[in-house]
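> Chain by chain, the residues run as shown.
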Amino acid sequence: MQNDFRSIKIDSEKCQGRMACMRICPTQAIRVKNRKAILINEKCIDCGMCVRVCPNNAVIPKTSSFSDFSKFKYTIALPSPVLYSQFKVEITPSLILNAFKKIGFDDAYDVACASEAVSIAIQEFLDTNFTHQPYISPFCPVIVRLVQIRYPNLLEQLIPIDSPMEIAAREAKNLKMKETGLSAKDIGVIYITPCPAKMIAIKNPPRKKYSFVDGAISIAEIYPNLIQALTKSNDDGSKSEIKGIGLGWPMLGGQVSTLKAHDTIAIAGILEVIRIFEEIENGKLKNIKYIECHSCNTACVGGSLNIENPYIARNRVIKMLEKYGNTPCQDRNYIKNLIQKNFFSLPGKIPPTPIAPIDSDISQALKKIQEKANIYEKLPKIDCGACGSPDCNTFSEDVITNNAELDDCVFIALKKFDNATVKSSDIIKKHLNKIYKNFDN
Amino acid sequence: MNEFFSQTYEIKGKDFQNAGKVSTGIKTLLKQLGIKPEIIRKVAIACYEAEMNIVMYAKTGTMKLDIDTKKIKITVLDQGPGIQDIDLAMKEGYSTATPEMREMGFGAGMGLPNIKKNSDEFKIESSIGEGTKLEITIFIN
Ligand SMILES: Nc1ncnc2c1ncn2[C@@H]1O[C@H](COP(=O)(O)OP(=O)(O)OP(=O)(O)O)[C@@H](O)[C@H]1O
Ligand code: SF4
Ligand SMILES: [Mg+2]
Numbered sequence: 001m002q003n004d005f006r007s008i009k010i011d012s013e014k015c016q017g018r019m020a021c022m023r024i025c026p027t028q029a030i031r032v033k034n035r036k037a038i039l040i041n042e043k044c045i046d047c048g049m050c051v052r053v054c055p056n057n058a059v060i061p062k063t064s065s066f067s068d069f070s071k072f073k074y075t076i077a078l079p080s081p082v083l084y085s086q087f088k089v090e091i092t093p094s095l096i097l098n099a100f101k102k103i104g105f106d107d108a109y110d111v112a113c114a115s116e117a118v119s120i121a122i123q124e125f126l127d128t129n130f131t132h133q134p135y136i137s138p139f140c141p142v143i144v145r146l147v148q149i150r151y152p153n154l155l156e157q158l159i160p161i162d163s164p165m166e167i168a169a170r171e172a173k174n175l176k177m178k179e180t181g182l183s184a185k186d187i188g189v190i191y192i193t194p195c196p197a198k199m200i201a202i203k204n205p206p207r208k209k210y211s212f213v214d215g216a217i218s219i220a221e222i223y224p225n226l227i228q229a230l231t232k233s234n235d236d237g238s239k240s241e242i243k244g245i246g247l248g249w250p251m252l253g254g255q256v257s258t259l260k261a262h263d264t265i266a267i268a269g270i271l272e273v274i275r276i277f278e279e280i281e282n283g284k285l286k287n288i289k290y291i292e293c294h295s296c297n298t299a300c301v302g303g304s305l306n307i308e309n310p311y312i313a314r315n316r317v318i319k320m321l322e323k324y325g326n327t328p329c330q331d332r333n334y335i336k337n338l339i340q341k342n343f344f345s346l347p348g349k350i351p352p353t354p355i356a357p358i359d360s361d362i363s364q365a366l367k368k369i370q371e372k373a374n375i376y377e378k379l380p381k382i383d384c385g386a387c388g389s390p391d392c393n394t395f396s397e398d399v400i401t402n403n404a405e406l407d408d409c410v411f412i413a414l415k416k417f418d419n420a421t422v423k424s425s426d427i428i429k430k431h432l433n434k435i436y437k438n439f440d441n
Numbered sequence: 442m443n444e445f446f447s448q449t450y451e452i453k454g455k456d457f458q459n460a461g462k463v464s465t466g467i468k469t470l471l472k473q474l475g476i477k478p479e480i481i482r483k484v485a486i487a488c489y490e491a492e493m494n495i496v497m498y499a500k501t502g503t504m505k506l507d508i509d510t511k512k513i514k515i516t517v518l519d520q521g522p523g524i525q526d527i528d529l530a531m532k533e534g535y536s537t538a539t540p541e542m543r544e545m546g547f548g549a550g551m552g553l554p555n556i557k558k559n560s561d562e563f564k565i566e567s568s569i570g571e572g573t574k575l576e577i578t579i580f581i582n
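So the protein sequences, as listed, match chains A and B. Everything in the first sequence is counted per this note's numbering, starting at 1 for the first residue and increasing by one. Everything in the second sequence is counted per this note's numbering, starting at 442 for the first residue and increasing by one.
Derived by calculation from the structure, the hints in this document are not laboratory data. Values in this document were obtained by computation on a predicted structure and should not be read as measured data. Please note that the accuracy of each hint is not assured.
With the C-beta cut set under 8 Å, the calculated list includes, among others, these residues of chain A facing chain B [to be verified]:
hint, residue
1, Pro-55
2, Glu-281
3, Asn-282
4, Ile-358
5, Ala-365
Here a beta-carbon is modelled for each residue, glycine too, at the ideal position from N, C-alpha and C.
Please work from the sequences and hints to get the whole structure.
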């Protein structure tokens with residue numbers, strides 16, 4: 001388990017300290033010092049908001065590179081069903097899957113069908129489990145991470161069912177082992193991902209020791225190759241069309257619409273999810289059975305590594321559902337049989353990974369939190385960010401944890417000019433240096 | 442010396458838009474202090490229910506948070522109609538919530554009983570036409 005693995009990094013060469021990331025980060029995990037953004041790993045939940053807003057493309061998703069897969073004798077592309085929504089409707093899922101064979105993969109395997117199976121497994125679970133209602137979907141890795149660091153009380157509410165990505169990867173691997181006679185380690189399963197967050201689910205899968213997926217390439221990265229392959233050649237038609245309700249999973253409501261229970265809700269957008277989690281922590285929403293949660297504002301069709309406009313992509317998902325959604329791709333009784341054999345359920349617990357307290361000693365912590373409140377009172381409370389912290393409240397915390405100095409706040413610094421014992425020029429220099437790099441020269 | 446932290450928050454009656462924000466702030470603070478999740482859950486329920494009762498029934502009120510190394514104390518004071526029959530109000534299921542409040546998901550009559558259930562020490566006083574005072578204590582260990 002690599003619990004400290006984060007799926008993004010900041011390229012300090014490209015970063016110009018423009019603070020868009022710092023301001024948008026929903027967990028205040030970014031600071032800007034000396035005109036460079038710094039990521040605080042323990043606070044980051046991998047939501048990818050910073051990836052979207054950086055004007056310099058300096059927030060880099062830590063997806064795999066193609067060379068990571070040269071060690072495999074056989075490679076299978078496992079595209080997130082989001083990929084199907086990135087092309088015009090004439091380009092059907094089966095054509096897309098086939099195209100992978102023309103761009104260097106040995107085969108491609110559909111995930112939407114596994115989503116349908118997981119939908120059935122969720123329904124079974126909800127029919128027989130009530131203790132920790134409302135249950136929360138664990139399929140967006142950002143949501144799992146958010147619960148781990150901020151809502152440990154809700155850990156047991158994350159439904160203990162494996163993700164469609166894992167189910168499909170296991171199936172694909174087993175199938176190809178039989179077909180090719182190769183061993184598991186020679187077959188690479190590569191997820192085609194709409195977001196950096198899925199890397200977390202691969203490196204550190206919830207309730208599991210290891211993932212069946214060996215790496216991930218972003219939709220944006222693979223798109224140019226795919227579109228070229230798709231427009232150039234005729235399809236060999238060797239794959240039948242992908243069908244079933246699982247095709248709807250990438251959009252908001254895609255999960256709950258497959259469930260018979262009406263006491264379900266679907267939420268997209270990390271800030272809305274946080275609001276709902278606050279309510280659940282307050283003991284509310286116990287009458288709700290299941291909450292589908294997505295970090296991205298428009299669910300997975302709005303993932304930060306997609307190409308297509310999320311609303312257009314969503315419309316295509318709806319069209320696909322209209323056309324293929326009514327034909328099941330799974331035999332319900334077969335799936336129920338698998339459920340009996342614990343094919344989908346995951347034993348074990350997801351550990352909490354709380355942000356370290358302000359001090360490990362409670363009496364020191366109390367002292368510091370009081371100091372923090374006192375400092376906050378002195379600040380202008382305009383959240384300008386010039387100090388390098390995202391807002392005045394976070395800045396006051398940074399000061400008491402020795403991650404910032406009080407006169408990093410320009411307003412506090414200006415006040416010091418009244419104090420004759422302080423050399424004003426030093427303070428001016430310090431600030432100008434902070435804002436305009438190398439102002440001295 | 443026993444360190445302590447103290448802060449008072451204002452809560453406005455009928456301000457449904459901001460309802461719950463005080464409780465959220467208190468939870469955030471307790472998480473920064475490293476208070477155990479089980480304790481935070483108890484405080485969360487008690488604070489939220491008390492906050493909502495002010496929003497629903499009172500004109501205005503305050504929630505005072507006092508934390509020391511042993512316990513969390515929440516003193517909730519409001520200016521409002523007061524409670525006529527405290528024993529009745531403490532009963533599970535008793536509620537005078539209006540149809541509109543029920544529409545918003547309140548009015549199960551579980552607020553006060555849940556506050557008591559989640560407190561280690563609980564006191565309630567009220568005088569008609571003036572207001573209500575709750576004293577909630579939850580031990581940290
Ligand atoms: N601060 C208050 N001022 C005046 N009356 C109150 C106050 N708090 C509670 N009451 C009265 O006591 C009753 C019971 O309160 P309680 O919080 O247990 O349930 P509720 O608020 O009606 O419903 P719920 O809390 O489940 O949404 C209320 O309906 C109201 O008549
Ligand atoms: S909502 Fe979907 S695309 Fe967005 S972070 Fe979560 S899993 Fe990734
Ligand atoms: Mg109430």
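> Holds or violated: Asn-282 of chain A as interface residue toward chain B, Cβ cutoff 8 Å?
At 4 Å from the nearest chain B Cβ, Asn-282 of chain A passes the 8 Å test, so the hint holds.
> Per the CB criterion, is Ile-358 of chain A less than 8 Å away from chain B?
Holds: closest Cβ of chain B sits about 5 Å from Ile-358 of chain A, inside 8 Å.
> Does Ala-365 of chain A meet its interface restraint, that is, does its C-beta lie within less than 8 Å of any C-beta in chain B?
Cβ of Ala-365 of chain A sits 5 Å from chain B, so the hint holds.
> So, as I understand it, the hint says Pro-55 of chain A touches chain B; can you test that by seeing if any CB pair is closer than 8 Å?
This interface hint is violated because 30 Å lies over the 8 Å limit.
> Go through the hint on Glu-281 of chain A and say holds or violated, using the shortest Cβ distance to chain B against 8 Å.
Holds: closest Cβ of chain B sits about 5 Å from Glu-281 of chain A, inside 8 Å.
Of the numbered hints listed earlier, the single one contradicted by the structure is hint 1.
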